[in-house]
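K.L.:
Sequence:
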Amino acid sequence: MAYDCIIRALYTIQQRLFLKSVKYNEVPLVFGNTSLARYSYQVSDETVLQVLLTAWDKVKNRFDTPASAFYSAGLERIGGLELVFALHILATLETSGAKMSHLTGHDAAGGMTENVTGEIKNPLAGISNDKLMADVTDYATEYGLQDILPILKKGALVAQSPSGIELIPELSDDDRRILTEETTRRWKHPFALYYTIILNSISAAIQGWDQTGSNGANLTFDVQFGIPNNSPQCPDPATCTRNQWIVGFINATPYITICIFVAWLSDPLNHILGRRGTIFLAAIFSFAAPLGSGFTQHWGQLIATRMLLGLGMGLKEVTVPVYSAENAPTNIRGGLVMSWQLWTAFGIFLGTCANLIVANTGDIAWRLQLGSAFIPAVPLLLGIWFCPESPRWLMTKKDHKKAYRSLLRLRNTPLQAARDLYMIHAQLEMKNQMISESGFSKKDNMFVRFVELFTVPRLRRAVQASGIVMIAQQMCGINIISFYSSTIFQLAGASNIEALLASFGFGLINFVFAWPAVWTIDTFGRRGLLLFTFPQMCWTLLAAGFCFWISTDSNAHIGMIAFFVYLFDAFYSPGEGPVPFTYSAEVFPLSHREVGMAWAVATNNFWASVLSLTFPYMLRALTPQGAFGFYAFLNLLAFALIFLFMPETMQRSLEELDYVFSVPTRTHAKYQLTQVLPWWIKRYIFMRKDAVCPELYRVAQDPIPSPSGTTVDWEKMPKAGENERHAEYA
19 MAYDCIIRAL
29 YTIQQRLFLK
39 SVKYNEVPLV
49 FGNTSLARYS
59 YQVSDETVLQ
69 VLLTAWDKVK
79 NRFDTPASAF
89 YSAGLERIGG
99 LELVFALHIL
109 ATLETSGAKM
119 SHLTGHDAAG
129 GMTENVTGEI
139 KNPLAGISND
149 KLMADVTDYA
159 TEYGLQDILP
169 ILKKGALVAQ
179 SPSGIELIPE
189 LSDDDRRILT
199 EETTRRWKHP
209 FALYYTIILN
219 SISAAIQGWD
229 QTGSNGANLT
239 FDVQFGIPNN
249 SPQCPDPATC
259 TRNQWIVGFI
269 NATPYITICI
279 FVAWLSDPLN
289 HILGRRGTIF
299 LAAIFSFAAP
309 LGSGFTQHWG
319 QLIATRMLLG
329 LGMGLKEVTV
339 PVYSAENAPT
349 NIRGGLVMSW
359 QLWTAFGIFL
369 GTCANLIVAN
379 TGDIAWRLQL
389 GSAFIPAVPL
399 LLGIWFCPES
409 PRWLMTKKDH
419 KKAYRSLLRL
429 RNTPLQAARD
439 LYMIHAQLEM
449 KNQMISESGF
459 SKKDNMFVRF
469 VELFTVPRLR
479 RAVQASGIVM
489 IAQQMCGINI
499 ISFYSSTIFQ
509 LAGASNIEAL
519 LASFGFGLIN
529 FVFAWPAVWT
539 IDTFGRRGLL
549 LFTFPQMCWT
559 LLAAGFCFWI
569 STDSNAHIGM
579 IAFFVYLFDA
589 FYSPGEGPVP
599 FTYSAEVFPL
609 SHREVGMAWA
619 VATNNFWASV
629 LSLTFPYMLR
639 ALTPQGAFGF
649 YAFLNLLAFA
659 LIFLFMPETM
669 QRSLEELDYV
679 FSVPTRTHAK
689 YQLTQVLPWW
699 IKRYIFMRKD
709 AVCPELYRVA
719 QDPIPSPSGT
729 TVDWEKMPKA
739 GENERHAEYA
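Here the sequence shown is numbered in this note's numbering, starting from 19 and rising by one per residue.
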């Protein structure tokens, strides 16, 4: 056992601190009859000194030499024998009762129930080298991957110790360079990955164009269909009210359809057709429905075509962010998945351009505005089958060969593809054990999985967090402007063309200011972006509402309203714009990802439909000032909910998030109130640069194997200072 503890300590010393370094590999380290020379790694002077001090303090009652003597002795006096002696003391003092176990599930259930320590575990950590190689061989045999067994073994070693690639002798210098470039050149990826993201971006552009087609059409289609909802066309207040509800229902139809039907169809369709097949089906509806809208002769027919439009929109909303998240590497996943919102903003911009281009075509203008949204569906229909299928989806279907071929197209080298393949396999195996230990149903049934969203604590927390960000997207007020900006500017005194021009500016700003999130979402995090932008959206909405009190005779009236609406848009675009769909695509485990995303999308679209239905009436009843003030208050409410109940997902693998969302909600909320808030006040109110905010989550010191095949639980061994250990956060 002492031998294993020494090896474990040597591994740990090498990995813990990278300070000024000295090599001990020339000192013959011997314990018993076993040479430790091959396990002598590059360690720091400071770390070795700390180990020696800790060891000597524990036995100073038995020896005359105090720990302080090591300071005067100097670091040059630390040699191989002293190192072995110190480590042996550490081992024998604390490990007599140490638990010896592989990480095969003794705490797996914690990943789905409660994780009160905030530890994030690697499912391969703690497995001996011999056992790992045997497991890889069995895996390759089971799934017919013998032809890639050598690279698969190498990939498994990297997956087991991603931060210790320098310690893996099987890796060449070229391998280490490639793995290091994942951090130093994180945007260097193969064409197939970016091609997939481009096609997903086209899906998002269709979404935005569909939204803004109705924005421009709202100015004229109601009169064409005999349901005018504003004076002077409808002088009767009762008729105006009725027509306002009809117009609101027409605009809300796609979102009601998504909420009630489509979000729930996406789960079985994804299981049957895969990610690409579901997106292809969505593209068919996105191509046909806008064309049908342009040929309708009654508002009832328009409702029917917009229901079909909802089918296409809903299937894309559920599937595309998940597809992007499953294909993207962890270190840039946020930047790639948020392309959904970036290109939704681009679609909104294109839609406003189309509205302007056809504005002077007379009575058919609204038909062209609605029908033009079919254009971006064409490249999506033609291009989606050239994308690689999601490796994770293929692995759930037991087709690991195709999954590896997909990963070869999505990663730079076969080593990275093999590493990700085996890591996903290991995580799925652990997930299966979590399912069996935490009460999940083993039946592959959508209804059962849906019920588990609310009965399994880990899933319930994901539902809560994704629900907050999805509802917040509607609470912030962006969609009332997206749906009705032309109407709002018309009420402010603008002509039809001026209103469309103002809406064009809104769409342009929405697109341009979404770009910073590509880089900031994986730097400042999802929470960080939201907590910064929501207060800004609050005061800009209030200011826009106040500007309606400026006299309509003043040139500043429309200009100031447009200015603050644009400013609101600029704050929305890099924050609450990209985060909700990116976040919701991440937070659910693979077993519940489709149904979880379906629930998140249904939540978002339910409130979008509520906004579409009620805003015309609210605008008339509360006036623009009251409506804008109402949504400004909702921004503050959303800020509080995000601060308390939304965990960060940045730089975590999709499977590591099981541990993040297993931290109880009360623990997370208490941490925010008692740790983060006081730190923020000290740091940014009192400007104390020495203020430190402790992290809630930390990467556990998982068991690491020794060559003898046994595994030592490092958590049971003494550390170089308990305070230091607890300061090592993820």
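Because the hints were derived from the structure by calculation, they are not lab data. Think of the CB as a built atom: it goes at the ideal place given N, C-alpha and C, for glycine as much as any other residue. Heads up, a few of these hints could be off.
Unchecked claim - Quick list of in silico lysine-lysine cross-link-like pairs, DSBU-like style, CA-CA up to 35 Å:
1. Lys-171 to Lys-206
2. Lys-449 to Lys-419
3. Lys-415 to Lys-700
4. Lys-419 to Lys-149
5. Lys-449 to Lys-415
6. Lys-700 to Lys-449
7. Lys-420 to Lys-171
8. Lys-416 to Lys-171
9. Lys-416 to Lys-449
10. Lys-171 to Lys-419
11. Lys-449 to Lys-171
12. Lys-449 to Lys-149
13. Lys-415 to Lys-707
14. Lys-149 to Lys-420
15. Lys-171 to Lys-149
16. Lys-420 to Lys-449
17. Lys-206 to Lys-416
18. Lys-707 to Lys-420
19. Lys-688 to Lys-707
20. Lys-419 to Lys-707
21. Lys-688 to Lys-700
22. Lys-449 to Lys-206
23. Lys-688 to Lys-415
24. Lys-420 to Lys-206
25. Lys-206 to Lys-149
As the list claims (entries may be wrong) - Distance ranges between label pairs, derived from CB positions:
26. Glu-199 to Asn-573: 23 to 29 Å
27. Asp-708 to Ala-574: 42 to 48 Å
28. Ile-703 to Asn-378: 50 to 56 Å
29. Tyr-635 to Asp-708: 50 to 56 Å
K.L.:
Run every hint past the structure and note whether it holds.
P.N.:
Cross-check of the supplied hints:
{"no.": "1", "hint": "Lys-171 to Lys-206", "result": "holds (25 Å)"}
{"no.": "2", "hint": "Lys-449 to Lys-419", "result": "holds (21 Å)"}
{"no.": "3", "hint": "Lys-415 to Lys-700", "result": "violated (52 Å)"}
{"no.": "4", "hint": "Lys-419 to Lys-149", "result": "holds (23 Å)"}
{"no.": "5", "hint": "Lys-449 to Lys-415", "result": "holds (15 Å)"}
{"no.": "6", "hint": "Lys-700 to Lys-449", "result": "violated (41 Å)"}
{"no.": "7", "hint": "Lys-420 to Lys-171", "result": "holds (18 Å)"}
{"no.": "8", "hint": "Lys-416 to Lys-171", "result": "holds (20 Å)"}
{"no.": "9", "hint": "Lys-416 to Lys-449", "result": "holds (15 Å)"}
{"no.": "10", "hint": "Lys-171 to Lys-419", "result": "holds (16 Å)"}
{"no.": "11", "hint": "Lys-449 to Lys-171", "result": "holds (22 Å)"}
{"no.": "12", "hint": "Lys-449 to Lys-149", "result": "holds (20 Å)"}
{"no.": "13", "hint": "Lys-415 to Lys-707", "result": "violated (52 Å)"}
{"no.": "14", "hint": "Lys-149 to Lys-420", "result": "holds (26 Å)"}
{"no.": "15", "hint": "Lys-171 to Lys-149", "result": "holds (11 Å)"}
{"no.": "16", "hint": "Lys-420 to Lys-449", "result": "holds (21 Å)"}
{"no.": "17", "hint": "Lys-206 to Lys-416", "result": "holds (30 Å)"}
{"no.": "18", "hint": "Lys-707 to Lys-420", "result": "violated (52 Å)"}
{"no.": "19", "hint": "Lys-688 to Lys-707", "result": "holds (24 Å)"}
{"no.": "20", "hint": "Lys-419 to Lys-707", "result": "violated (53 Å)"}
{"no.": "21", "hint": "Lys-688 to Lys-700", "result": "holds (18 Å)"}
{"no.": "22", "hint": "Lys-449 to Lys-206", "result": "holds (31 Å)"}
{"no.": "23", "hint": "Lys-688 to Lys-415", "result": "violated (41 Å)"}
{"no.": "24", "hint": "Lys-420 to Lys-206", "result": "holds (23 Å)"}
{"no.": "25", "hint": "Lys-206 to Lys-149", "result": "holds (34 Å)"}
{"no.": "26", "hint": "Glu-199 to Asn-573: 23 to 29 Å", "result": "violated (56 Å)"}
{"no.": "27", "hint": "Asp-708 to Ala-574: 42 to 48 Å", "result": "holds (47 Å)"}
{"no.": "28", "hint": "Ile-703 to Asn-378: 50 to 56 Å", "result": "holds (55 Å)"}
{"no.": "29", "hint": "Tyr-635 to Asp-708: 50 to 56 Å", "result": "holds (54 Å)"}
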